[in-house]
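Asker: The residues making up each chain are set out below.
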Amino acid sequence: MALRGNLRDFTITQLLNLINLANKTGTLILDGPSEQAYISFREGKLAYARLGKDDGSLASVLHKANKININQYRAIVDRAGQMTDKELGLLLINAGYVTQEDILLNLQGYFTGVVRKLFTWVEGIFRFENEMLPPDGRINVKLDLENIIIEGSRHLRELEQLQDEIPSLDMALKFTKRPLTNVNLSVEEWNVVKFVDPKNTMRQIASTNKLSDLDVRRIVYGLLQAGLVEMVRPAGVVALSTPKQFPVQDKQEQRTLINKLIGRIRTL
Amino acid sequence: MQTVKMVVTGPFSAGKTQFIQSVSEIDVVATERKISTDEERSVKSVTTVAMDFGRITVDEDLVLYLFGTPGQKRFDFMWEILSEGMLGFIVMVDSTRPETFREARSILETFRAYAPTPFVVAANKQDMEDAWDLEDVRHALRLDGNTKLLPCVATDRKTVKDVLLELLYSILKDMESGK
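Going down the list, the protein sequences come from chains W and V. For the record, in the first sequence the residue sitting at position 128 is 128 according to the numbering used here, with numbers rising by one throughout. For the record, in the second sequence the residue sitting at position 166 is 434 according to the numbering used here, with numbers rising by one throughout.
It should be emphasised that the hints constitute simulated quantities derived from the structure, not laboratory data. It is possible that some hints are incorrect.
Unchecked claim - EDC-like, lysine to aspartate or glutamate: derived pairs with alpha carbons at most 20 Å apart:
hint, chain 1, residue 1, chain 2, residue 2
1, W, K177, V, D412
2, W, K117, W, D9
3, W, K177, V, E403
4, W, K244, V, D412
5, W, K260, V, D430
6, W, K45, W, D136
Claimed, not checked - Derived Cβ-Cβ restraints for the label pairs, each shown as a range:
hint, chain 1, residue 1, chain 2, residue 2, range
7, W, V187, V, D401, 19 to 29 Å
8, W, R178, V, D295, 46 to 56 Å
9, V, Y333, W, E43, 25 to 35 Å
10, W, G113, V, D295, 50 to 60 Å
11, V, Y437, W, V187, 18 to 28 Å
12, W, N259, V, N414, 43 to 53 Å
Built from N, CA and C at the ideal position, the CB exists for glycine as well.
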C-alpha cells in the first residue's frame with residue numbers, strides 16, 4: 001500500500017527514521033519546489049542519491065570533489081559514455097588517478113550532501129517505491145542513517161512542533177535495543193544521553209544540564225527520531241489521576257467484570 | 269448500577285465518532301459544531317467539541333460507556349477530564365492521512381502521561397487504497413513492538429469489536445501480571 005504524503009506534514013527526518021527502523025529497500029522520490037530528488041536505500045541504509053539535473057554519476061562526483069579536472073571529466077563523458085561507474089572506477093584506480101577509498105568517501109559525501117539539502121525542503125510531495133533500486137551501473141554505498149537523522153533533527157527549532165512531538169517533560173527515557181555505536185553526538189547530546197534512565201524525567205535531565213525546555217526537547221527529538229531512545233513513564237511514579245477505574249475494589253471481582261465486558265462485546 | 273468507561277481519542281477526523289457509533293446501543297450523544305476553518309472544513313463539515321458519548325449495556329448491573337474526545341487541539345482541556353477513571357484508551361489514526369500522524373503521536377504521549385492504563389492504537393480506513401501499511405504506521409507513530417496496532421474500519425462493526433476486545437485483553441493481562 002501507499003507510502004506517500006506531503007513534506008509539510010511529514011518531514012524528511014521522519015521519513016528517514018521510518019525507512020531506518022523498517023529496514024526498507026527502495027527509492028524515496030521527492031518532488032520539491034523546483035527539483036526532484038531520488039534517494040535509494042537498501043535494508044534501511046542509504047545506498048544512492050541524486051538531485052535535480054545532477055546525474056550523481058561517479059565522474060560528476062569526482063569532478064565536484066576536485067579529484068579529476070574539467071578536461072578529464074569531459075574526456076570521460078565523451079569517451080566513456082557507455083561505461084558503468086564500476087568500470088570507470090576500476091579504470092581510474094588502475095590508472096592511479098584515485099584510490100578505492102577516494103571513490104567511496106566522495107560518493108558517501110555526495111549522497112549525504114544531497115540528503116542534507118533536503119532538510120531545507122518544507123514543501124513537496126514524497127512517495128516511496130518499494131524495491132526500486134538505483135540505476136544500473138551506479139556504485140552504491142551502505143551508510144547508516146542514524147547520524148544523518150540526528151543532524152536533520154538539529155534543524156528543527158520550532159517550539160510548537162517540538163511540543164507536539166514531546167508534549168510532557170515529565171516522561172522518562174530509556175534506550176531502545178539499537179546499539180549506540182558509531183553515532184556522532186554533540187557534547188550537549190552526550191550530556192542528555194548520560195542521564196537516560198527510566199528513573200529520570202526529561203525535566204530532571206534538563207535541570208541537571210541547565211538546558212531550557214526547548215533545548216532538551218530538541219535533543220530528545222533527535223534521539224527519538226534516530227530510534228536510540230523511547231519515552232516511558234518514569235519508574236516508581238504512581239500516577240496522580242487514577243480515580244476509581246473500577247466500581248469494585250476486589251481484584252477477582254475486577255477480573256470478572258472485565259470478562260463480562262469481553263463476553264458482551266463478543267455478542268455485539 | 270456499576271459503570272466503567274473507555275476513551276476513544278485521536279486527531280481531528282480520525283473516525284472516533286463513527287467508531288463509537290458502530291457499537292453503541294444508543295445514538296451517540298455528540299456535541300458537534302460546524303467547522304470554523306477552511307482547512308478543516310475540507311475534511312468534514314462538523315466536529316466534536318466536548319465529547320461523544322456511547323453506551324453498551326452488559327447486564328442490568330453493568331454498563332460500559334465510551335467517550336470520544338474532541339480531536340482539535342484547542343479543545344484539549346477536555347482530554348484530562350475525560351481520561352479520569354478510564355479502564356483504558358484507544359488512539360485512532362486515519363491511515364490515509366500521514367499529515368495527522370504527528371498529532372496522533374502527541375495525543376498518545378499526552379494520554380500516556382495522564383494515566384498508566386492500557387491502550388491500543390486503531391489504524392482506521394485500512395480498506396482504502398491510499399492507506400499506509402500497518403508496519404509503516406507503527407514506525408511513523410514510534411510504537412514499540414509490544415503496543416497493539418490494529419487494522420480498523422470505523423464503519424465496520426466487526427473491526428471495531430476487535431479493537432475493543434484487544435484493549436480488554438490488554439487490561440486483563442495487566443491485571444494478571446499485577447500492574
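Asker: Each of the hints needs a verdict: does it hold here or not?
Answerer: Now for the hints, and whether the structure bears them out:
1. Our distance criterion of 20 Å between C-alpha atoms is met by K177 (chain W) and D412 (chain V), whose separation comes to about 11 Å.
2. A C-alpha spacing of about 18 Å is found between K117 (chain W) and D9 (chain W), which places the hinted pair at or below 20 Å, so the restraint holds.
3. Distance hint between K177 (chain W) and E403 (chain V) is fulfilled; the C-alpha atoms sit about 18 Å from each other, no more than 20 Å.
4. The straight-line distance between the Cα atoms of K244 (chain W) and D412 (chain V) is roughly 28 Å, outside the 20 Å bound, and the hint therefore fails.
5. Between the alpha carbons of K260 (chain W) and D430 (chain V) the distance comes to roughly 16 Å, so the proposed pair stays at or under 20 Å and holds.
6. Restraint check for K45 (chain W) and D136 (chain W): the C-alpha separation of about 18 Å stays at or below 20 Å, so the hint holds.
7. The hinted range of 19 to 29 Å is not satisfied by V187 (chain W) and D401 (chain V), whose Cβ atoms lie roughly 39 Å apart.
8. The hint said 46 to 56 Å for the Cβ distance between R178 (chain W) and D295 (chain V), and at roughly 48 Å that hint holds.
9. In this structure, Y333 (chain V) and E43 (chain W) break the distance hint of 25 to 35 Å, their C-beta atoms being roughly 47 Å apart.
10. Between G113 (chain W) and D295 (chain V) the C-beta distance comes to about 58 Å, which sits within the given range of 50 to 60 Å.
11. Range check, Y437 (chain V) to V187 (chain W): about 46 Å between beta-carbon atoms, so the 18 to 28 Å window is missed.
12. The supplied range of 43 to 53 Å is broken by N259 (chain W) and N414 (chain V), whose beta-carbon atoms lie about 23 Å from each other.
In terms of the numbered hints stated before, the structure departs from hints 4, 7, 9, 11 and 12, listed from lowest to highest.
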